[in-house]
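*Asks:* Now for the letters of each chain:
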Amino acid sequence: MIAPTVAHRVREHIVDMCAGPDGGHLGGSLSLVEILTTLYFDVLRVDPANPAAADRDILLLSKGHGAVALYAVLAERGFFPVGDLTTFGRPGSKLMGHPVRAVPGVEMPTGALGHGLALGNGFALAERDRRCFVIMGDGELQEGSVWEAAMATSGLGLDNLMAVVDRNGLQLAGETEATIALEPLADRWRAFGWAVREVDGHDPGALATAFRAGEPGRPVVVLASTVKGKGLPFIQGRAESHFARLSERQHTRALAVLRARQNRGAS
Amino acid sequence: MTVPARAAYRDLLIRLMAADPRIYCLDTDTGLFAGADFGPAAGRYVNLGIAEHNLMGVAAGLAASGKIPFVNTMATFATTRALEAVKIDIAYNHLPVRIVATHGGLAAGHLGPTHHSLEDLAIMRTLPGFTVVVPADSAAAEEAVLQTLDLPGPAYIRLGRSATPPIDLGPITVGQAQRLRDGSDIAIFACGPYPALAALGAAEQLAGRGIDATVINMHTVKPLDTAAVLAEARRMPALITVEEHWRAAGFGGLIAETLCDHAPTRLTRIGMPETFAELAGDQAFLLEHYRISHKEITTAALALLADVGTVLGGVRNDAGLSRV
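One line per chain: the protein sequences are R and Z, in this order.
Residue 88 in the working numbering sits at position 88 of the first sequence, and the numbers go up by one each step.
Residue 29 in the working numbering sits at position 29 of the second sequence, and the numbers go up by one each step.
Hints in this document: simulated from the structure, not taken from any laboratory.
Heads up, a few of these hints could be off.
[Stated by the list, open to error] Keeping only pairs whose Cα atoms sit at most 30 Å apart, straight-line, the calculated DSSO-like set for lysine-lysine is: (1) R:LYS94 with Z:LYS222; (2) Z:LYS295 with R:LYS94; (3) Z:LYS87 with Z:LYS295; (4) Z:LYS222 with Z:LYS295.
[What the hints assert, rightly or not] Okay, the calculated bits of chain Z under chain R, using three or more residues with CB under 8 Å as the criterion: (5) 41–49; (6) 59–72; (7) 185–198.
Note that the Cβ used here is the ideal one computed from N, Cα and C, for glycine as well.
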């Protein structure tokens, strides 16, 4: 198990980046924190000193707008210096609002939604014995290309691919169910030939268990129940947290809240 | 007649796959590989069904893993339905995916505008790093595949549907214009099998009227052999382009841009007018109907030369060849 301090530090980095002059995708990054930290610190075979190692596992953040969470986790994992995070979004930085391959540890650029699962199919097909993880947002599942790819994953029997859905229930402008409903989501994935695991997306232990082993012959999707904006009571669970440029006052308040939670030992 | 370029390509790909374990053949229920025997490479033939976005994403994932995927679909599906995946997953990452797109231009004939592809060259030539080849016959299709096989970046190879006559003037070199006929009065740049044949037909017609036309097969749209274009622009009073594509932004548009940048020259662009095909008909019928033909080229050449004053009453006026 990873230390909860890692997730705490990642949340602080996310808040710091979203307080920069250009802002960032705050809510959907905070909902990803335990998913990404569990994968990078507890599950994935990766080597920060050799990001292109032939025997590495593949992770694709299909919801590329979660970039600030990914950058924070990659930096904490040692792919690049934590100090680089202060350049996020600044002129000349490689840390763009959506991830690019020039950032050590980023496999593919993402941000246009509905691309990751098809890419994952290709990575999984190329090396049938390496593991591939594709993290999608729940709103992203409205893209038809996701289901085109989902059909292919099971159709080709790519059991080395695991999909993860950051099911925070909110998309940019409101609730997924009030937009174009996704439920019954687990049944939909099952109908597409996938095994479904439903877990608390903020419980590192449960996530690690869900991520650790696939199922022979068919792909697994982990539906991770999460909270958009998790960790910041004044924004969590609100669609408005989707993109934020935190003011100095909000930034200070957010860090204080995170530190208080950390001191209380909350996850 | 020879075999259709797509059949020649298929047979070549099967041979290449047997020898090169990097090569994958990704199919989308095209039928092109029905009954094909891939032998020991059978595991690298994957029919992904009718799903072109997934096709391009899978290709990108394979290519990012060191493979060379050949993706197979029709030109219109490759470049319009799946364009975002082609742009973001393949072009942006400069991955060695080979998009072999059949039914280019009007090749789908009576199947209609849903299956015609009259904008693909405009699209593909804008994507950074793509090599774009339009072979004019089966032999050229094979050369295009072989010569782009080890490129580090992506390639788009546009094929037709049915067999077309061989151009038969030796192998092409991707990236280098192929001179089919050498003349001194006007230059015709053709892109694609029927345009090349039409250009050669027009050159014969023009010869009967004392006009000596150069005909160049511009099989490679990107990277463009700019030097070949400019060499003709600098020695000819006018140029003509011929393509099986909407006139907007395609091959003729590319030549117009090139001339505008380097050597402004009179140019007539022959291609599909701004309309979807409004009636059934095979490729040859549609080309004739929409005036992508040797007659149209001849008419354009005469009009251009009359306009620039090098042909007076059908007789060449050498003095008129000097131009600003």
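*Asks:* Give a verdict on every hint.
*Replies:* Going down the list of hints, with the structure as the test:
1. R:LYS94 with Z:LYS222: holds, 29 Å
2. Z:LYS295 with R:LYS94: violated, 55 Å
3. Z:LYS87 with Z:LYS295: Roughly 38 Å between the alpha carbons, so the hint for LYS87 of chain Z and LYS295 of chain Z is violated.
4. Z:LYS222 with Z:LYS295: OK: LYS222 of chain Z and LYS295 of chain Z at ~28 Å, within 30 Å.
5. 41–49: holds (count 3)
6. 59–72: holds (count 10)
7. 185–198: violated (count 0)
Of the numbered hints stated above, those contradicted by the structure are hints 2, 3 and 7, listed in ascending order.
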